[in-house]
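**Student:** Read top to bottom, the protein sequences are chains A and B.
Numbered according to the working numbering, the first sequence spans residues 1 to 628.
Numbered according to the working numbering, the second sequence spans residues 629 to 910.
No lab work stands behind these hints, which were simulated from the structure alone.
Just so you know, these numbers come straight off a predicted model, no measurement behind them.
Derived lysine to aspartate or glutamate pairs resembling EDC-like cross-links, with alpha carbons at most 20 Å apart:
#, chain 1, residue 1, chain 2, residue 2
1, A, Lys480, A, Glu405
2, A, Lys209, A, Asp160
3, A, Lys480, A, Asp403
4, B, Lys681, B, Glu837
5, A, Lys480, A, Asp566
6, A, Lys346, A, Glu405
7, A, Lys563, B, Glu682
8, A, Lys487, A, Glu149
9, B, Lys890, A, Glu603
10, A, Lys563, B, Asp680
11, A, Lys250, A, Asp122
12, B, Lys890, A, Glu599
13, A, Lys346, A, Glu396
14, B, Lys677, B, Glu837
15, B, Lys681, A, Asp566
16, A, Lys398, A, Glu157
17, B, Lys884, A, Glu599
18, A, Lys346, A, Glu603
19, A, Lys346, A, Glu210
20, A, Lys444, B, Asp776
21, A, Lys598, A, Asp403
Which bits of chain A does chain B cover? Going by a derived footprint, with three or more residues having C-beta under 8 Å, they are:
#, region
22, 447-454
23, 459-470
24, 476-486
25, 533-539
26, 547-558
27, 588-596
Stretch by stretch, here's where chain A covers chain B in the computed footprint (C-beta under 8 Å, at least three residues):
#, region
28, 699-706
29, 718-730
30, 742-755
31, 759-767
C-beta: ideal position from N, C-alpha, C; glycine also.
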Amino acid sequence: MSLAGFLILVPLLAGLKLLFVRSDGLRQWTVVVATVLLAAGSIALTAGWFPGRLEIPHLGGEVAGAAMLILEVAMGLYIAWVGIRRRRPLIVILMLVQLLPMLGWELHNSRELHAGSNLVIDRLAAIMALINGIVGGSICLYALGYMREFHSAHHPECRDRRPFFFCLLFVFLGAMYGIVFSNNLIWLYFFWEVTTLCSFLLIGYRQDKESTDNALRALAYNLIGGTAFAGAIILFFKGSGSIELSVLIKSIPAVALAPAALLSFAGITKAAQFPFSRWLLGAMVAPTPVSALLHSSTMVKAGVYLVIRLAPVLQGNRIGIIVALIGALSFATASFAAVCTSDAKKVLAYSTIANLGLIILCGGIGTHEAVWAGVLLIVFHAVAKCLLFLCVGVVEHKLHSRDIERMSGLILSMPRLSIMIQIGIAGMFLAPFGMLIGKWAVLKAVVDTYPAIMLFVVFGSAPTLFFWMKWMGKLLEVTKPIVNVEKGIGRGEWFALSLLTAITALTCILFPLISTHLVEPYVIGVYGQSGRLAHGNFVIMTIMFAMVALFPLSFFNYGRRVKVLDPFLCGMDATKVSRFADTAGNVQEVQMGNYYLKETLNEPRLFRIGVASGVALSVLLFAFLLLP
Amino acid sequence: MTPLARLLVYLLAAPLIGGLLAGLDRKISARMQSRRGPPVWQPFYDVLKLWDKENMVVRRSQDYYVFFFLILVVFTGGLFFAGSDLLLVVFALTLAAIFFVLGAYKASSPYSFVGAERELLQMMAYEPMIILTAVGMYMASGSFYVHDIASRPRLLLLTLPGVFLGFVFCLVIKFRKSPFDISCSHHAHQELVRGILTEFSGRTLAMIEVAHWFENVFLLGWVFLFFASSPLAGVCAALAVFVLIVVVDNTCARVKWPAMLKWAWLTTLVLGFGNILALGFF
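Starting from the given sequences, assemble the full structure and let the hints guide the process.
**Tutor:** Written as structure tokens, this is what we have:
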């Protein structure tokens, strides 16, 4: 059996087993073993214990294909039933509109629907597998302890459905492997729909009204993308007689452009770009591991993965420009919106939309430079964003709030966790960490192709700096004596957090290895050349990293040769730290709050503008598709 | 000159020139207000005196951030004068500024906290224009490297007039001069509590002062880059820009931050971006 099939099947089987595991101990073992297998498999796949491009002609292709068809129909009927039961006609219609034509078409053409190779592994697939295995795996380990506490201490009202929950987590991972390995578009579509269904079930895990509503919204939005996906497959088959992704990428524009546009549209819905962003913001009602999974390694990454795959087709044409514009618009709008909110998870969600926007932008530009930047962004974003989500999850359990304003003094109340959050934040936007290298490359790629789009990139980066920094500042600021409350965090959580922190820092040091061994070979394979960071610049980045890494050393000098005083309160000190006497002589507590610029930026209005522009651009996309 | 030689000259000369410019600033300001003003060397005396003062802090670790701010500012200027990639220089500058802001957050006093927030607003206001300047220079000269841009035979100003004006506008914000001295005023006579600097004293304050000298020299070096093909004009232009900023500082009242954001971004959009679009089309 091939490694690719192994990686798809192991999580599916593990998930199936977990569905029937009721005891904590056995679940723990199953999860740990499955995670180790996945991580090891992904590393083996990436480490090149296989020839550069391994094609698996017939992995029991017939049987697997038939099984998928049956499952696809079953899923379609289930979703349609959900739509009827919840009285959402849109869901029923969207499901039937894609299920019936697909079914009819597949049965009608069943003899001709063969892919030369159903699964193809190249470097890009290997990178995605690595992210999925390691980041996704650490989320599963984290979820063990987190979900126990979630039910026992924090949400006793929520029915304990952990077997179902862990089953879904692993099925999700399996489907994600399926997406990145599939070359057969019908297979890809099947796994695509599995992630849609899993995300629906996971978002609705808590079964209260808010969760159910948000889950249904996510389902509806993703079904729109699914419909476009189904249309793309049929369209491409009619034009070329093939159902292979690799053929699509190499086809002439007359054949490939229309299906590529529809597939990119599907990618845009899955990556929660404007106008479809609302589903991702709603998804944060789910338990933290779900958010982490949706935001970092799976789901939204499936969307950007597809667009990056299609980049060669999108390069230099109108469709590509529209896709790039949707990405650029999402980047700028979401970055500004993130300034207005103090809900940590919402800030992270907006930042996800923004960063995915950058990746979609890269795909739309489609030059070798842009694709290089896009793949790097996928890697760095997955790691740092996952770390941040998992940290916020722990903080939320400890503080019973995920409000950034409540995180004041976290550096003393939870020192280790707060340092991890700071590393995560630095990883998201600061030189010399990974994301910044990616953004830098994006900027260069944009300047070399469509300088006008730079407007979005340049103005979108400014608020990014603002909202991350004020969060970091809040963690550091201390006004009153604080007790350490970091005890009682489980081993699984610590392990996942430490691992991700280490990877965030390591990706920064090992960046040239990642670039030369994984990203560049892929880009060269597609374009014949690749973007890269000049050697001199890399040396400078390393020096910068070394300087930042030296910062903790200064704490050896902690408190020497300084005189500690109370903060300056304009002569109004009322004997104790952080209190002052007001004009009436009453003693007041000092309170410091961040700026949210709510009047100036107005989050709901920004969101409306984003959605309206997104709708306009999508309409334009379809207009270009229909016009000759 | 080789990059290494330029780097050495920068490391030795920048504090001297920066200090003298600070002295000149105070002299011009004083003369504009019909005062005699301190000697030009006064900033050096100030720093030496601050160095010997007792170091008072609110949080024990706040000074480390400032120390790294100083190192990174020196590093940024070094990158620039050694002829490195302009975007990398911008990122290093941002990193430096962030350490300064973190120091103020760490100090945890209401005044320095508000100062830190306002400094972030200032960064948000000027950053787009700074990046656009780097991009504009790339589009005009075909390279992001300061070294290549400087050795271009034609005057960059002629292709990038809008970018130049926008850059100078944003320098006022970066120098924290009126009307945009929002996070802290550079002149002690303008306010009693100095925003982001409130809780820094003694040696730490001296470090901040020296960092500003380095930073100013680097930024004026960037002004020079617009005129690099005729060095004399470049030096004169850099000086003229500095004097202009001092004059503006003394003739304008501080504005509120929404006005700063609006003006800075409008300038960036119209002058900077307009210029770059024009470059793209012709």
